[in-house]
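Enquirer: For the record, the sequence lines run as chains G and D. Here the first sequence stands for residues 1 to 328, numbered as in my numbering. Here the second sequence stands for residues 1 to 295, numbered as in my numbering.
Incorrect hints may appear among the rest.
Keeping only pairs whose Cα atoms sit at most 25 Å apart, straight-line, the calculated DSS-like set for lysine-lysine is [to be verified]:
#	chain 1	residue 1	chain 2	residue 2
1	D	K249	D	K265
2	D	K265	G	K155
3	G	K26	G	K104
4	G	K281	D	K137
5	G	K24	G	K104
6	G	K202	G	K172
These aren't lab readings, by the way, just hints derived from the structure by calculation. Owing to the predicted nature of the structure, the values given are computational and were not obtained by experimental measurement.
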Amino acid sequence: MCGIHELTEKDLQPLTYTPAYLDKIKGMRFFDPHVHMTSRTTDDYQAMADAGVVALIEPAFWLGQPRTGVDTFRDYFNSILGWERFRASQFGIKHYCTIGLNSKEANNEALAEAVMEILPQFIYKEGVVGVGEIGFDDQTPLEEKYYRAQLELAKEAGLPVQIHTPHRDKKKGTQRSMDIAIEHGLAPHMVIVDHNNEETVKEVLDRGFWAAFTIYPFTKMGNERMVEIVKQYGSERIMVNSAADWGISDPLAVPKTAALMHESGIDLNDIHLVTYINAVKAFAQSGQINEADFDLAGNIDQREKFNGSTVLRGGQQPRINKNTTIIR
Amino acid sequence: MAEYVYDRQQMSEGLAAIIAGNSSDAAREWLQQRLQKAASIPQFNQTFTAVPRFTGKNIIVVSPEQAAVLQQQVPGFFVHGWTLDRLIRAWWLLQLDTSDKAVYLDTIEKLFLSAEMNELAALYSALPLLAWPEEWKLRTAEGVRSNIGVVQEAIMLQNPYPARYLDEPAWNQLVMKAIFTDKPLHLISGLDERRNTALAAILTDFAHERWAAGRKVSPMQWRLLTTFITADNMADLTRVWHSADQTEKAAAALVFANTDYAPAKTLLASDPALTAEIQSGALSWDVIAAKLSQN
Ligand SMILES: [Zn+2]
């Protein structure tokens with residue numbers, strides 16, 4: 001008989017697989033300030049909760065193909081404010097969002113006008129922590145027009161702004177985004193500049209803006225590079241996110257990066273700042289984030305229920321051991 | 001049909017009294033200010049949306065006298081366990097002008113269309129208060145289809161609107177959705193009053209499907225077969241009666257205790273201890289509900 005070793009009692013036990021990196025970050029809490037959960041499965045919420053993600057922000061963005069009418073925008077905003085928030089709550093994750101017209105779709109002027117008309121209805125809603133993600137993609141005049149208009153909206157509502165910086169000509173796009181924000185009277189501490197890299201980080205920090213980094217395979221940052229950035233620039237006003245979406249991306253990027261930072265000898269306090277505290281601080285300027293809610297979310301929204309435990313059963317999802325071949 | 005089926009003024013004052021006892025001076029001042037702009041629809045909408053930002057979301061405290069005022073106007077209307085923002089939103093809806101029915105209906109419908117989940121829950125819990133109540137049947141049926149727990153609960157639990165206004169198929173849909181999503185059935189207003197033959201048939205079908213899949217059937221659902229026992233479903237109830245699970249057996253016993261169907265009576269009589277428990281009130285549907293919630 002070849003290849004068959006003797007079966008022991010151990011082989012018959014269910015496999016419980018805990019990736020090694022989870023050990024390194026046991027007990028830590030994370031805030032992912034940029035992740036497009038609408039493109040992810042419920043399994044991702046479960047894995048994020050298990051890895052210590054207690055809260056996240058879903059910025060309104062591009063769904064991969066252009067929307068053809070304002071109604072689909074309305075439905076999209078409703079879904080990130082409603083269904084996504086509920087789905088997250090099922091795993092004890094507090095879900096916030098930023099609302100805005102993204103740069104790619106700003107190029108369809110008729111549609112952009114219609115979206116601008118409904119935005120005020122949405123930015124005052126509960127749990128909307130900013131106007132975002134807005135800014136430049138191809139750096140066209142229309143992108144600039146709607147970027148400016150939305151900065152005005154944010155200013156009026158007293159909300160932070162979350163800026164998407166372009167892939168092409170990033171350095172110039174980032175500079176322009178900051179210049180225009182200042183021109184519209186937004187204080188740098190109310191602006192979170194996203195998708196930074198080695199080329200943009202220094203100026204963003206020097207000018208007093210928040211510098212967010214997206215850990216996204218192939219196109220944005222790798223987390224080894226992120227470790228180097230924190231080593232070089234420290235932890236002040238820097239934050240890490242996954243920007244996970246429908247592309248090849250990783251909703252566990254924040255906890256994984258924390259583990260790698262830990263392994264690389266970065267101080268635990270600095271890790272806590274860049275993977276949790278800084279993002280909470282920046283977006284709490286909206287008046288819509290209360291850290292105590294993160295704990296309450298763990299109670300599966302008990303406040304919404306009637307007679308406590310009777311109803312709680314209804315909201316809870318069965319846990320599934322994904323490492324068995326049996327599906328019940 | 002009248003716009004309001006109760007005295008709007010009395011209800012509005014009743015709610016305002018509860019708001020007064022549960023909110024800060026700052027919140028009340030803000031509401032007072034907003035009231036002056038309520039005639040403009042965009043301002044009305046923005047206030048509805050912004051409520052929690054200015055009032056907070058504490059769980060309200062309601063005195064028995066305050067609750068009685070609401071009950072007198074709309075029987076079965078509860079605000080117990082509500083958060084302050086939900087209560088204020090319900091009150092705010094009563095401040096919307098009803099002089100033009102079309103404008104009123106359109107404004108409320110649009111609030112539903114752009115609502116996030118707490119707004120939806122507030123709107124659905126306020127269904128019993130809305131003007132032209134018969135106009136909200138389709139909207140209610142739509143809400144029942146929601147996948148969001150808090151929204152479903154706002155419609156299904158302790159809300160007198162569905163039992164009063166939904167037609168039978170929509171009502172049955174609501175009950176089945178509550179069962180699918182594991183809601184506490186005993187908190188559905190009008191559950192017993194709106195039992196019907198069609199629902200009894202749907203439920204036995206559903207039980208067969210569950211049993212075939214090796215899954216359990218909630219003991220609570222048999223309550224809906226009371227007064228609809230036939231030779232056909234008696235076989236199912238007999239199976240429940242013979243279950244090793246004591247709660248299941250107790251549920252069958254409660255059904256049998258409230259029917260005139262002779263074979264059921266005979267079966268119940270074969271267990272004098274259980275019969276006595278029911279007669280003394282020691283066993284009731286509420287007792288079963290409490291037991292299930294501990295699981
Ligand atoms: Zn994004």
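Enquirer: Each hint needs a verdict: does it hold in this structure or not?
Expert: Here is what the structure says about each hint:
{"no.": "1", "hint": "D:K249 with D:K265", "result": "holds, 14 Å"}
{"no.": "2", "hint": "D:K265 with G:K155", "result": "violated, 72 Å"}
{"no.": "3", "hint": "G:K26 with G:K104", "result": "violated, 39 Å"}
{"no.": "4", "hint": "G:K281 with D:K137", "result": "violated, 44 Å"}
{"no.": "5", "hint": "G:K24 with G:K104", "result": "violated, 39 Å"}
{"no.": "6", "hint": "G:K202 with G:K172", "result": "holds, 14 Å"}
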